[in-house]
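Based on the provided sequences and hints, a complete structural model is requested.
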Amino acid sequence: MSATPLRRVAVLVLDGAKPLDVGIPAQVFSTRASMPYQVRVCGAAPGLVAGGDGLSYHVAHGLEALAWAELVLVPGYRFPDRDTPPQSVMDALAAAHDRGARLAAISTGAFALAAAGLLDGRRATTHWHYTRALAEKYPRVLVDENVLFVDAGSVLTSAGAASGIDLCLHILRGDLGVAASNHTARRLVAAPYRSGGQAQYVPRSVPEPLGERFAVTREWALHRLGEPLTLEILARHAAVSPRTFSRRFVEDTGYTPMQWVMRARLDVARELLERSERGVEQIAVDVGLGTGTNLRLHFQRILGTTPSEYRRTFARGE
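Following UniProt numbering, the numbering of the sequence shown begins with 1 at its first residue and continues without gaps.
FYI, nobody ran anything at the bench for these hints, they're computed from the structure.
Check each hint, because a few of them may be wrong.
Quick list of simulated restraints, FRET-style, between CB atoms [stated by the list, open to error]:
#, residue 1, residue 2, range
1, Arg140, Ala190, 42 to 50 Å
2, Thr256, Arg224, 46 to 54 Å
3, Thr313, Trp220, 30 to 38 Å
4, Leu6, Ala152, 23 to 31 Å
5, Ala315, Leu142, 30 to 38 Å
6, Ile233, Thr291, 18 to 26 Å
Backbone N, C-alpha and C define an ideal beta-carbon position, used for all residues, glycine too.
Below is the structure:
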């Protein structure tokens with residue numbers, strides 16, 4: 001039996017790179033039986049790279065790793081609004097994109113992609129502290145400050161450092177399926193599906209006492225996806241009016257309550273398709289979508305495929 005080819009990942013470490021941002025992709029996309037990736041950590045040139053927060057990095061590879069990789073991750077770095085990566089780095093990023101590699105930035109790594117012109121006309125995000133600076137320095141970028149990450153197809157961006165985990169898990173879900181992503185999340189002791197947007201982490205002048213209450217309601221709902229869940233039911237659990245619940249929910253997560261419930265139901269359906277032999281009709285009932293027709297409709301609308309095609313792609317043993 002031939003071995004499955006490893007997916008090639010390059011982690012580009014720039015001057016001032018932040019240690020958590022560098023460590024996340026190197027940890028997530030590890031070479032192991034359950035995670036078939038080969039990772040090369042690189043810089044503008046092989047050797048020592050001065051990092052942020054008192055750390056430095058010794059990288060074994062230069063920009064040739066970007067020509068080798070299928071996925072290039074750019075960790076965040078210090079002073080992105082002031083410092084621009086070398087032209088050789090921007091050229092290598094653009095060349096990797098042109099030949100079909102996916103590029104993903106963690107936190108302020110988005111500034112490097114923007115400097116290379118790869119975010120022009122695209123929706124993107126970065127750490128909340130730098131969203132205004134990104135929009136001002138690169139006005140052609142459509143900056144969204146209220147999300148944990150943005151998937152614009154061949155180019156992806158994430159908010160602050162910890163949201164790099166959300167971005168990497170999202171990439172895993174697309175590559176290997178929900179079960180593999182959840183397995184990795186458990187290994188990292190991370191939430192497999194964080195419901196909030198980065199708006200909830202921006203400092204506010206007035207305390208928001210409802211935040212924890214709403215988080216409890218989201219957790220409560222995740223254990224009851226097979227039951228009827230309406231805006232009124234969720235608001236009642238949070239002990240606020242439906243209007244207040246809906247407004248605050250969008251502020252916290254970037255989704256309306258019902259959009260969030262639908263995506264949570266589809267995530268459970270995806271894992272059942274991967275890990276069980278249940279039919280589409282039964283899965284639809286299990287996740288609260290009622291009928292197979294309804295499940296197929298939402299699967300196609302949100303994921304762009306059918307349950308059957310998804311199962312053929314990601315089922316165990318395939």
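Could you tell me which of the numbered hints above are not met by this structure, giving the numbers in increasing order? Violated hints: 1 and 2; rest satisfied.
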